[in-house]
Amino acid sequence: MLTAVLEQTLNGLMAGSIYVLVALGMVLIYGVMHVLNFAHGVLLMVGAYLCHFFFTRLTGSYLAALLLSIAALALIGIALERAVFRPLQGNLRSQVIASLGLILAIEHLVIALWGPNALQMRVPATEALVPIGALRFPLQHVLIIGVTLAIIAGLFAFLKYTKLGTAIRATSEDRQAAMVVGIPVERVDWMTFGLGTALAALGGALIGPLFLVFPQMGDAPMVKGLAGILLGGMGSVPGAVVGGFIIGITEALSTLVLPTDYRDSVAFAVMVLILLAWPRGLFGVRVRGED
Amino acid sequence: MSLLAVEGLAKRYGGVAALAGCHLAFERPGVYGLIGPNGAGKTTLFDVVTGIVEPDAGRVRIDGRDVTGWPAYRLAAAGVARSFQECRVFPEFTCLENLLFRARAPESEARRLLRLVNLEKYAGEPAASLSFGERRLLEIVGTFMARPRILLLDEPAAGVNPALFEVLQRFIRTMYDERPLLFLIVEHNMEFIMALASEIVVMHQGAVLERGAPHAVQASPRVLEAYLG
Amino acid sequence: MPSKLLAAAALALSAAFAWAQDRVAVGIVTSLSGPMAAPGKFQMNGFRLAEEEINAAGGFSVGGRKYLVELKAYDTRANPAEGASAMQRLATVDKVPVVLGELHSGVAAAEAAVAQDYQLPLILTIPTGPNLTEQGNRFLFRVNANNDQLTRALAEFIARQGWTPLAFIAWNNDAGRGGVNGMRKLLGEGKIGYVGYFNVGEVDFSAHVSNIRAGDARAVMLLMDEEPGSLAIKQVRDAGLKTQLVGTLAMGSDRFLKRLDAARLEGMVQYNAFPPNADVGSIRTFSERYRKKYGEEAHGFAAQSYDGLKLAVAAMQKAGKLEGRAIREALAGLQYDGVIGRIKFDAKGQAHPPVYVTQWCADGKRRILYPENLKADCGAG
Amino acid sequence: MAGRIAAAALAALLLAVPALAAQQPYVLHVLILTCLYAIPAVGLNLMLGYTGLVSLGHMAFAGVGAYTAAVLMVDAGWSFWLALAAGVLGSAAAGAAIGAVCLRFRTHFFMIVTLAFGLMLYSVMNNWDDVTRGAAGFPGIPRPAPIGEWSFGPLSHFYYLALGGALAAFAAQWLAVRSSFGRVLVALRQDERLAQAKGVNGMLYKSAVFALGSALAGLGGVLHVSFLRVAAPASFTLAESINAVLIVIVGGAGTLAGPALGALVFVGLPEYLRIAAEWRLVLFGVALVLITLFAPQGLAGLLARAWRAVRA
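Chains as they are written, first to last, in my numbering: chain A, 1 to 291; chain B, 292 to 520; chain C, 521 to 901; chain D, 902 to 1213.
Hints were generated in silico from the structure; no laboratory data involved.
You can trust all of the hints, since none of them are fake.
Covered by chain C, per the in silico footprint, the following chain D stretches (three or more residues, Cβ under 8 Å):
(1) 923-934
(2) 1024-1037
(3) 1117-1131
Covered, in the sense of this in silico footprint (three residues per stretch, anywhere, with C-beta under 8 Å from a C-beta of chain B), are these stretches of chain D:
(4) 1087-1094
(5) 1101-1109
All values reported here derive from a predicted model rather than from experimental measurement.
Glycine included, every Cβ here is placed at the ideal spot set by N, Cα and C.
This is chain A alone, in the form it adopts within the complex (with noise of 0.2 Å):
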């Protein structure tokens, strides 16, 4: 029992990580623009599609063309700042609705242009397995958990220690202080939209070769993101990153003891159960436009 229980801890973290993935760049924008953007996941699957493009089609390198989606969708991300959610600031709902809109334009442009089937992406150098113990993974997943974990380092790193971390840092904080110090705080806007939409790609084109590439790719973990970042307390990087895990492990663990049918289900109330029990989330931070 006692090594289930750690394998399929281990499993959660790995399906973690592409819910923290997701949560980090989602719960970035939030803090610095209080905007929910839904069309994350798809932003994701945008990712991992031009990912997969670049590779076939332009280079044959992985990391190249990791690269550039994810130079791509940072300018994707900026352009919907400025066009969409700029003009929305402050209207909650709009900005919600609104990404709802770009869900179904995005996804359906997608197949329009790639067709409903998934597209297969193999990289040879990331096919190998590593034994872990008596179990063994393939590299990619060890990868993507390792990735994760870097960039999660990364971010508290530039959140910390740069310029442009601070000042995202302070507008997450209190915008009006912030523009009142003098911090360009549109700038910071823009930018860090940028940022939460490159990590997106780099969430998509992490999973593409794990997995495949098809259009409903960023669904799950968009909708577990947002449950991970409500979990850990919205605004919160921290929260963002342990609640992504908790959704993960959770899942994972379910499927010991209950009905595998449900394993959504089961994350979903613990979620709820656990906001019932902090409304803010764990690492809640002050709900800003609360009403």
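Starting from the known structure of chain A, arrange chains B, C and D on it as the hints suggest.
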């Protein structure tokens, strides 16, 4: 029996004590000014008294009745009305609709009150079309429509230009003369509050520091120290 | 050279001639978008190939008149309301004499009700929900084997091999749940091991793989389509799990092999409505034509749909008129030898095509294990 | 006055449709579906449009009503009308109970918690094979039994049932909105804290509108599965809930006619255009974004503006 009394109120936000053993009682109607430096706990006191925030400790009584922890709507029904520091009106409702929403007073009263503050010409306009100062007037006028017994105004003069300033002062005085009730007014503008209030309460670090007639409070060295310190 | 030119001219001529011919619009309901779009593509491939062949052969005659067939396809997006609308439109606007297709059982049920309203035969080629043909709807026919039929063949085979307890990784949709429930009914609760459901769109099966490894299952059945199937097998094998694998008809093809490799597939068995490489004349010609047109190995869904359209045309010919009730009667009495085998509808409108069990060999080919009379070695399946 | 004449003309037209479209059953079919999509949208409009509660699980409550009625009709042999009432009550009860949890949260928390409950309810419909018949759907849902000679088999007859349901929903909306109840809802959307300070028990009103909205969703759900004669989880997915939001927003959130216009555009237009499915949803997605940016009152707002321009 006090009209309104708070006993030993305490409320912490994270590490900060917004209220720390605040005692205050008002025996009879009057215009009371509530002043104090930023962070003294004035708005938190309002929030506790109007049921927006639950205190960590202490009691709130109205006419001797313990109303601690009552939700805002119940306190409103018990005769407590308030205005907000950030000025709240229903932007899509017209001025008249704003006044009539949940009002105890009839429409004729609403129109009379609008006239008193020179807003009658906007009666049919949505509140969003008013200037900030006008919206502030509308908000304060609206609080009277509930025929409250206790009225808490949170920085009524903030952001109001001098012309409206006087209208506001006159309006409050008129209303008090018509029907004396308990006015508790948080205000940073000393000129405004000193002219209006019969008694001033000074708060500092979540508790009452001084209480007395305006001139006496102004002369108090402790108050001076609190403001400067 | 001249002969080629001549052939081209003849083709052009025949095309021009064909254009002048009357056309019969046949209704198609399928998923061009939505969660079932990927298998929907195979369905359309089958219909298109049949359409092309019928028309290239000069069409078919009904009541002494020659017709070409024309497909009128509507997207039902795995949504019952869209299915009912499409059916209504086909019945009353396009006034087609017969409708084929659909992938989703719930949508098919909505379409079947409309078909009955207008006495318009509806021929299903993919949905497997057994209760569809239990509603007493005389205008509903199903070419493909339903879940009970598929699992009956497989359950018999699995029981004989002693591959129980049987664990599952299954789509949490009508196909996956239907398969698990069917097996549970046939094998008995005690023979069922771990059941891991996942939602359409989920791709990480590691939690299920771990649980199967920890359990005592002798075999794992993968109830899903090609795309998740390839991922599941990869994840099972990469985790070092050597358990016997049992797949669905989506997993016994060369295309599937391309997604994986022979080493990971070796030994896996799957049921199949249609073994593309079987040494049967009709299968061979179909598979060749399919490969020529679409550049890949034929898919079972395509074969079922291909047969469906051919069958519908045969029924129209037999009925002698383009009228729903007459076509229904013709369908009910028809016996048709198609790519997937002999199709003959029972009183409920359900056909009983053979169900095959094939197994992957070490060299990436398949052998046929079941039914006994068609048993054949590597390269046949 | 002009408005009343227009409304009367519209009502007459709606009633006369079966006679006008006798030779075009497909038109009737599309109009019926429009009604069936408009009914839950009315419920969501009360929640989202008037009260500002963005529920992302609305159609799951339609599913609760639909499956309640389906089980009662097929397994317990109840008549359609009794089952309809039970379905509506079931949805309302589910709305009240789940709403009580969801409404403890605000803004984004509320949206995501409703989304979570929508997915949980969907799981139950999909997984509870013994009762809901699971993912393959629940076929054989009956149409209402004939009333005397009047059977609900023919489309033109069912049309009146769907229209009746829609009119009932719009009437409920109209009564709610023009009452003091409706004033409170609109006040809550604009500024909940202010409304509370004016003596409004926000939780009570929001729970009430959540239950009412869910009841209307249930009404739509029961009629929907009776019309299609099958209940399937596919009709009550997250995507369908998002479509309901789309209908409300495109039609005009917080307007009386919004849900009707939205449903007409969402159901009717694509049936006639029948352009490739992907592009149609791309267009709807873009339209949704543009409407939130430039026409927050949706089509109803645009039409009202046009009407004023014509009259001026």
